[in-house]
Every structure is written in C-alpha cells, then in structure tokens.
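*Asks:* This is what each chain is made of:
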Amino acid sequence: MSDLLYSEEEDALRAAVRDLLTDHCDAPGVIARTESDTPHHLALWKALTGGMGLAGLLVPEELDGQGATHREAAVVLEELGRAVAPVPYLTSAVVATEALLACGADDLLRALAAGTTIGALAVSLNVAPNAAYKAVRHEDGLLHGELTGIADAAVADVLLVPADDGGLYAVDAGAATVTPQTSLDLTRPLATVTLDGAEGLLLGDAEPAVRRALRAGAGLLASEQFGVAEWTLTETVRYLKERKQFNRPVGGFQALKHRLAQLWLEVVNARAAARNAADALARGEDVDVAVTVAQAYAAPVAVHAAEEAVQLHAGIGMTWEHPAHLYLKRAKADSIAYGTPGAHREALAALVDLQAP
Amino acid sequence: MTDTEELRRRTRELLAAHPPASTDRLDFLRARFDAGLAWVHYPEGLGGLGAPRSLQAVVDAELEAAGAPDNDPRRIGIGLGMAAPTILQYGTDEQKRRYLRPLWTGEEVWCQLFSEPGAGSDLAALGTRAVREGEDWVVNGQKVWTSSAHVARWAILIARTDPEVPKHRGITYFVCDMTDPGVEVRPLRQITGEAEFNEVFLTDVRIPDTRRLGAVGEGWKVAQTTLNNERVAIGGMRLPREGGMIGPISKTWRERPELRTHDLHQRLLKLWVESEVSRLTAERLRQQLVAGQPGPEGAGMKLAFARLNQEISGLEVELLGEEGLLYDDWTMRRPELVDFTGRDAGYRYLRSKGNSIEGGTSEVLLNIVAERVLGLPAEPRTDKDVAWKDLAR
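Going down the list, the protein sequences come from chains A and B. Position 16 (the first sequence) corresponds to 16 in the UniProt record's numbering; numbering is contiguous. Position 254 (the second sequence) corresponds to 254 in the UniProt record's numbering; numbering is contiguous.
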C-alpha cells in the first residue's frame, strides 16, 4: 500500500518553498506580470533551481541532480499551485526531464537539473498520456512543421520535438520560431513552435519518451490541482468569516456552510488521490491506475474549488484585481492539460476491465 | 506488571485452567472476564487489568490461536461500544459490578433508548418524562429507532426530569429494565420490508433511583460519552480496491455485457473513481492515526460513504433493467445483524437510504464539518436559554 502521508523531509521542503513564494510571488505581482512582456517569473525560477536545486529532484545524483522522487516533486507542485506561480516547473523539471530520462540524454539532463537550461516537450498541453500527438516532418536531416499549444515554450532554451521518423529531437530554441498564443491560463502561457528547416539532435525514440513524460506530468499535475483547490478553499473560508451581510458573517449561513463542507471533503479526497499518484510514480507500482484515478478526480475538484471561490467572493471575485481569476483560469486549463477527466476515465475503463458497450 | 509477556502468561494460565475444548462457552467467557482479559484497558475486577488498550490484540491473538470462543461482539455492539464506556465512566461501584460482566459475556444484551419521534437531530429536545416517586422514577414516553430492543435485557435511557430549565439541563440518564411490564416493544418496519429497529413505548415504567447513571440533570453530559463512543466505531475499516458497494456492480458489469450502455458506463466509471479515492482517503486517515497525527478527515468519511452507497446502488438497479423492476423478498423479517451489501441490488438501494440518516444525518454532519473543521460560525441558537416546556413543538 502506498505511503499517503508527508515525511518530515517533505514537510521541511514544503516550508522552504512556501517561504520563498511568500516573499517573491505575491498575487499583485503575478497579476501585474501577466500583462507584461515577460509573464514568467524567471528570478523566482532562479531561486527555486539555482538556490534550492529543485529542478533536479527527478535527476539522479550522478547527473548532478538531487536523486529524489516524484513524492518530493509533488510537494513542490502543491506549493506552486497554491501560489499559481508562473514558473516552468511542471513542464521542464517534470515533463521534459522525464522525456530526457527515457532517452538517457545525460548532458541535457545535467543542464535541466541545474535549472540554467529550461526544456519543453513540444507536444500540445491537452494531449493525454495515451493519446495521439503531432510529429513534425524530418526531411534531409532537418525538421519542418508547426506545433501549437506548447506550454512554457516562450522561456524554453531547448525544445524536445517528436518527428515523423519516430525520433525525439532536441532543438535549440534559437533555431525555432516561438510565437506566444493568447492563453486562458495567464500563468502558464502557450506558444506555437514553427520549425522551418531546423537542426535537431536525435535523442532517442519519441514514443516511449513522450508516453512516460505525459504520464508523469498527468500524475503530478494532480498535486498542483490539489494546491490550487486547497488555496481557493482556505481563502474563501477566511473571507466568508470576515465578510458581513444582513448583520452577520456570510459564512454563518447554512447554505454556504454546507457547500464549503462538501468542497472540503472533495479537497481532502484530492490530496489522498494526488499523494497516491506521486507515491505510485516514485515506486513504479500501479502507476497507470493511480495516475488516471488522480487526474479524473483532482481536475474537477480544482475547477469546482476555483468556481466556488469566484461565486462566494461574489462581486470582488469577479474583478481583475482579486487573484481568484488566476486560480480559475489555471484550474480550468489544468483540467484539459495532459488529458481531460473523461479521457482518463476512458483509459481507466481498460485498465480495470470495465469495458465500454 | 501488564506488559506483553505478562499478558501472554495470564492468557495461557486461563487456557490451562479452562481448556476451550472441554469448557462450556459461557463458563469460559466468565472465567476470561474474571481473569481481567476481557478488555485489558478496563480496571482490575471489571474484566480488565488497567493495561494499555493496544495490548488487547496480544490476548486476542493467543485466544484465537487456542480456538477459544469469543463473545460474538457484533451481536452486542451497543452494550460493548456505548453502554459499557458510559457505565465505566459514570456508574457507581455497585452498578459497574452488576452490569459489566454479563454485558461483556453477552448474557445480557443492551439497547439504547435515546431518539424519539419528536427528537431526532435535536436529541436534547426529547420529551420522555421521568418523575420522582419515593425511591423510584416513573417514566412515560416513546422511543424510536431502537435496534435490538426485542432481545435486550437492559437499555440506556435518557429522559426529562426537569421541564422548567433549558433543554440540555433537564435530562437524566438511567438504566432501564426491558422486562418491566410497562415496556412495550413493537417492530418498526422499514422501507426494505424488514424490521431492524423497534418503537419502544414506556408506560409508568418504574426505575429505582439506584439505576440512575450520573447526577440528576446531568444526563446530557453523560450521553456525550455514549455518543462519542458511537462515532469512534464508524469509518475505521480497511478495504481492498473494489471493496464495499462498488464491488457487486463492477462484477455485474463484467459478467453481463448485454446490460451495458454508454450512459451507464460514464456514470459507473465516475463512481468507481470516487470509490477508489474515498478508499484512499480512509487509508490516509488510518496512516495518520498510526503515525499519531489524527486528522479531521474522519468527520467527512461517513458523508462520503452514505452518498456513494446511495448513488452506486441506485445505478445498479438501473443497470439491471428488467430485473431492476423486481425485488428479492418483502417478507417482514427481524435480522439480528445488518449487512449493507447483503441481499440484492434493490435491497442495497433501499437500505443505503438509511446511511445518510442513521448515526447523524448528512445535513448535521455537514454542519459539524463546517463549524469544527472549517471554523465557520455556529448556527444561531434560539433555544439555548428557553425552558424546555416553552419550546415550540
């Protein structure tokens, strides 16, 4: 049975990440940044990676990583979710890193582990771990084609590109045209990647690398979703104890108390599902069921929590100034990222032998 | 003196003096009680040795290995789980000596006379009256949802002894003799067709003052001990994947492909995921308890359990189509034990409706989560300072 708790070391890691985010990633700053030319917070990324070494959690020590597991990376993602931090952690330190681990691309792993190089897997963010993905044309040794919906590509130094010859290629970002797309989630922006005869370094087979990367991404995304849900619930409860209408705190009305209690139960469940997925990924046991269950469950919980935050904050929740919308946009985009809940349930049907008609 | 080795030694002595193979079941259970091996955390002379509760497992393992009989705890759950801890905490020495031994051996079954037709979620509003007459109390009223009343020798009873004070302050706690001529037990037939519960009518029942538990007017406080122990019993079970209500429907789905539709498939998968996640939350709660960090998740487990049982069993009836139109048996029966997943889908559907009512309704539990876990303001209390007799009813 999985270990569903947090170890003392994991608690210490959480405290360190939370301190850093409290000091360097407040909501007004994140909102202001979304409207600038640089929505990503690269100074924060530098502190998380150079300062704390967190980009290398999944990389073995002999490749200058931390040799930690998905359990620790999940704790980092919970905290990043709580702060809707605009850093390429999930995309570079988890998804791209897993693809490189599958290919045994040691030099790039060293660079990503240090955080000095940011990697992005050039597969649309919405693709589920078992779903089809687009490959570019490989012709005369050069890559041609356009890929859309690539998360955090705008800050990537290296793009990991699947090609139609079945290979996964590392392409220097300078050799590609990266065009930001106006994205629903302001804190994890998407971009198109256009390759017009770009040179690429063959890393290995795309298929196993992409599958492994997307599965880890989907599994650990549940921890981010839990973080989003936990923050929105906590903040909503705090606000409703304070906000008074009809001469009493709004949080004392039973219609709202019951909604919040139901939501609390969902959030508690989401944590257990996310911990189970992280632990399964770390141990390599029961991974497919654990990941699909976590994603099918946690994605709608994060959306529900963020939607309740907007509704229960009411007028102020509808403003650009209040951070609730950042969480709503992140939660909704997350519910599509690495496969929708429906896609994961469909995958689960085959895994647990509950076949469709 | 009560470490593991000492307990093993005492258990072996018991087994040597009363070999299970050649000893009458009841004699063995009485001897076990007298040896302090019934519930080791109880005091000496009352079936225990004042040992840590966790060491009971040492005794139970030795006895089970020797093939010793047990006291059939499922049959006497109310006595063991609710009456006994209350008697232990509030009973006089005489009461403890009289009641605890036959309670534990199962010679005397206990039931609980708490809820009333007019006092459900608002239990403290109860109206059963107890009036002092000399050395006795004379009790009149009606109780309801009483499991085991038809086989019980004793009941724990709360009744109103002072209607002039606010409701929580005018209640007193008694032990009621179920064989008293004024006690009438009628089966209460449920929507499943059977009768797990009873109505109990109390007409001029005379209870000697020596059967009072705790002080006059302190009954609500005493009842908290009983109710807290009831909630301890809920939610501690460790289930495998597909344990519980999701098991039978998953099996039917696999074995009966002709019943499958796309709509049912989507709903089944959603409930399967929710059941699995609920199981993981229960497991996480268990791990927290083992690690000595109890979390507040327990408050929500019964809510999830009730909703899932109801939705899954409802889906199962629908999945069965034409068969879902049938029911196995409406015969009025009086089951001794309750099995939520027993019998067929129709029974499961109907029985699970009780899961969101019994042991605290889901609505009350949501208030408890909101107030005690999330710290939201309590419900306004208009009844707090009003004498019971002046309350609206």
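You may find that some hints are simply not true.
One side only, chain B facing chain A, incomplete, derived with CB under 7 Å [what the hints assert, rightly or not]:
hint, residue
1, Pro43
2, Val216
3, Trp220
4, His265
5, Leu271
6, Val273
7, Glu276
8, Val277
9, Thr281
10, Arg284
11, Gln287
12, Val290
13, Pro294
14, Leu366
15, Pro377
For the record, the hints were derived by calculation from the structure and aren't laboratory data. Where is the CB? At the ideal position from N, CA and C, for every residue including glycine.
*Asks:* Take the hints in turn and mark each one as holding or not.
*Replies:* Each hint tested on the structure:
For Pro43/B, the shortest C-beta to C-beta distance to chain A is roughly 35 Å, which exceeds 7 Å, and the interface hint is violated. Interface restraint check for Val216/B: the shortest CB-CB distance to chain A comes to about 35 Å, outside 7 Å, so the restraint is violated. Taken as an interface hint, Trp220/B does not check out: its beta carbon lies about 23 Å from the nearest beta carbon of chain A, beyond 7 Å. This hint holds: His265/B has a C-beta 5 Å from the nearest C-beta of chain A, less than the 7 Å allowed.
The criterion of a C-beta within 7 Å of any C-beta in chain A is not met by Leu271/B, whose closest approach is roughly 10 Å, and the hint is violated. With its C-beta approaching chain A no nearer than about 5 Å, Val273/B sits inside the 7 Å limit, and its interface hint holds. This hint holds: Glu276/B has a C-beta 5 Å from the nearest C-beta of chain A, less than the 7 Å allowed. Evaluation of the Val277/B hint against chain A yields a held restraint, the C-beta minimum of about 5 Å falling below 7 Å.
Hint status for Thr281/B relative to chain A: holds, with the closest Cβ pair at about 4 Å, below 7 Å. The restraint placing Arg284/B at the interface with chain A holds, with a minimum CB-CB distance near 4 Å, inside the 7 Å limit. For Gln287/B, the interface hint holds, the least distance from its beta-carbon to any beta-carbon of chain A being 5 Å, beneath 7 Å. Taking 7 Å as the C-beta cut-off, the interface hint given for Val290/B is violated, the closest approach to chain A being about 9 Å.
Because the beta carbon of Pro294/B sits about 12 Å from the nearest beta carbon in chain A, more than 7 Å, this interface hint is broken. At about 4 Å, the closest approach between the beta carbon of Leu366/B and any beta carbon in chain A falls short of 7 Å, and the interface hint on this residue holds. Checking Pro377/B against chain A: minimum C-beta separation of about 3 Å stays under 7 Å; hint holds.
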